[in-house]
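A.B. asks: Residue strings, one per chain:
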Amino acid sequence: GDSVTQMEGPVTLSEEAFLTINCTYTATGYPSLFWYVQYPGEGLQLLLKATKADDKGSNKGFEATYRKETTSFHLEKGSVQVSDSAVYFCALRDSSASKIIFGSGTRLSIRP
Amino acid sequence: DAGVTQSPTHLIKTRGQQVTLRCSPKSGHDTVSWYQQALGQGPQFIFQYYEEEERQRGNFPDRFSGHQFPNYSSELNVNALLLGDSALYLCASSLRWTGNTEAFFGQGTRLTVV
Chain A
25 GDSVTQMEGP VTLSEEAFLT INCTYTATGY PSLFWYVQYP GEGLQLLLKA
75 TKADDKGSNK GFEATYRKET TSFHLEKGSV QVSDSAVYFC ALRDSSASKI
125 IFGSGTRLSI RP
Chain B
80 DAGVTQSPTH LIKTRGQQVT LRCSPKSGHD TVSWYQQALG QGPQFIFQYY
130 EEEERQRGNF PDRFSGHQFP NYSSELNVNA LLLGDSALYL CASSLRWTGN
180 TEAFFGQGTR LTVV
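Protein sequence lines correspond, in order, to chains A and B. Every number in the working numbering is 24 more than the matching position in the first sequence, counting from 1. Every number in the working numbering is 79 more than the matching position in the second sequence, counting from 1.
In isolation and in its complexed conformation, chain A is listed as follows (with noise of 0.2 angstroms):
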């Protein structure tokens, strides 16, 4: 079935460092592919998306590219902040377009 693998944290990095967080998956079809965020005591945000190949998803600084070559989406910032202390969890959804399977998350933490 799909699948999504993605880096283990944590991750810790300085303040103004350069991010990624590599994230691959499987599946038959074309899925759409996100970002989600999680910040403590809270539920899943929409960080960014893509729909098709080589669409790039943006937001906040963040970006991810769909490629479907090396089926991977991962997750880059050029400069992270110590709000983006979260954890991070990529997904697909299916082609039938209803359930997200998701990864198993990176804890990020950024240190000041």
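Do not rely on the hints blindly, as some may be mistaken.
What the hints assert, rightly or not - Covered by chain B, according to a simulated footprint, are these stretches of chain A (three or more residues, beta-carbon under 8 angstroms):
| hint | segment |
| --- | --- |
| 1 | 58-69 |
| 2 | 122-133 |
Unchecked claim - Partial chain B-side listing against chain A, Cβ under 8 angstroms, derived:
| hint | residue |
| --- | --- |
| 3 | Q120 |
| 4 | Q127 |
| 5 | Q135 |
| 6 | G137 |
| 7 | F139 |
| 8 | P140 |
| 9 | L169 |
| 10 | E181 |
| 11 | G185 |
| 12 | Q186 |
Claimed, not checked - In silico negatives: residues of chain A with every beta carbon more than 12 angstroms from chain B:
| hint | residue |
| --- | --- |
| 13 | Q30 |
| 14 | L43 |
| 15 | D78 |
| 16 | K101 |
| 17 | F113 |
The hints are simulated quantities; they were obtained by calculation from the structure and are not laboratory data. All values reported here derive from a predicted model rather than from experimental measurement. Note that the Cβ used here is the ideal one computed from N, Cα and C, for glycine as well.
Please arrange chain B on chain A, whose structure you already have, making use of the hints.
C.D. replies: Relative to chain A, chain B alone:
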């Protein structure tokens, strides 16, 4: 717009008991999905409701059941609670038949089974 609202926010139950969690979807949304997020894990799909019927189900036992009401709100019921049912339960709402629809998540209900 209140977004997706869930109640209660926290709940403690004893093993063997039954629990009901509630979800009100975002205004204008007609589809509700439920997810279980165990500590340190990603959310796992339980089931989805549209037009008051269960449309898709994940790999969860029959102890997990649900309902959707005419106003699109939904309930998740879990019977014969096990310690392993302790988790954050997330509700997501969306528009089923709209292409490329975004799912909006609630804050979740934290269920602890003792």
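A.B. asks: Are the hints correct? Go through all of them and say.
C.D. replies: Hint by hint, here is what the structure shows:
{"no.": "1", "hint": "58-69", "verdict": "holds (count 5)"}
{"no.": "2", "hint": "122-133", "verdict": "holds (count 8)"}
{"no.": "3", "hint": "Q120", "verdict": "holds, 6 angstroms"}
{"no.": "4", "hint": "Q127", "verdict": "holds, 5 angstroms"}
{"no.": "5", "hint": "Q135", "verdict": "holds, 5 angstroms"}
{"no.": "6", "hint": "G137", "verdict": "holds, 7 angstroms"}
{"no.": "7", "hint": "F139", "verdict": "violated, 12 angstroms"}
{"no.": "8", "hint": "P140", "verdict": "violated, 17 angstroms"}
{"no.": "9", "hint": "L169", "verdict": "holds, 6 angstroms"}
{"no.": "10", "hint": "E181", "verdict": "holds, 6 angstroms"}
{"no.": "11", "hint": "G185", "verdict": "holds, 5 angstroms"}
{"no.": "12", "hint": "Q186", "verdict": "holds, 4 angstroms"}
{"no.": "13", "hint": "Q30", "verdict": "violated, 9 angstroms"}
{"no.": "14", "hint": "L43", "verdict": "holds, 19 angstroms"}
{"no.": "15", "hint": "D78", "verdict": "holds, 16 angstroms"}
{"no.": "16", "hint": "K101", "verdict": "holds, 21 angstroms"}
{"no.": "17", "hint": "F113", "verdict": "violated, 5 angstroms"}
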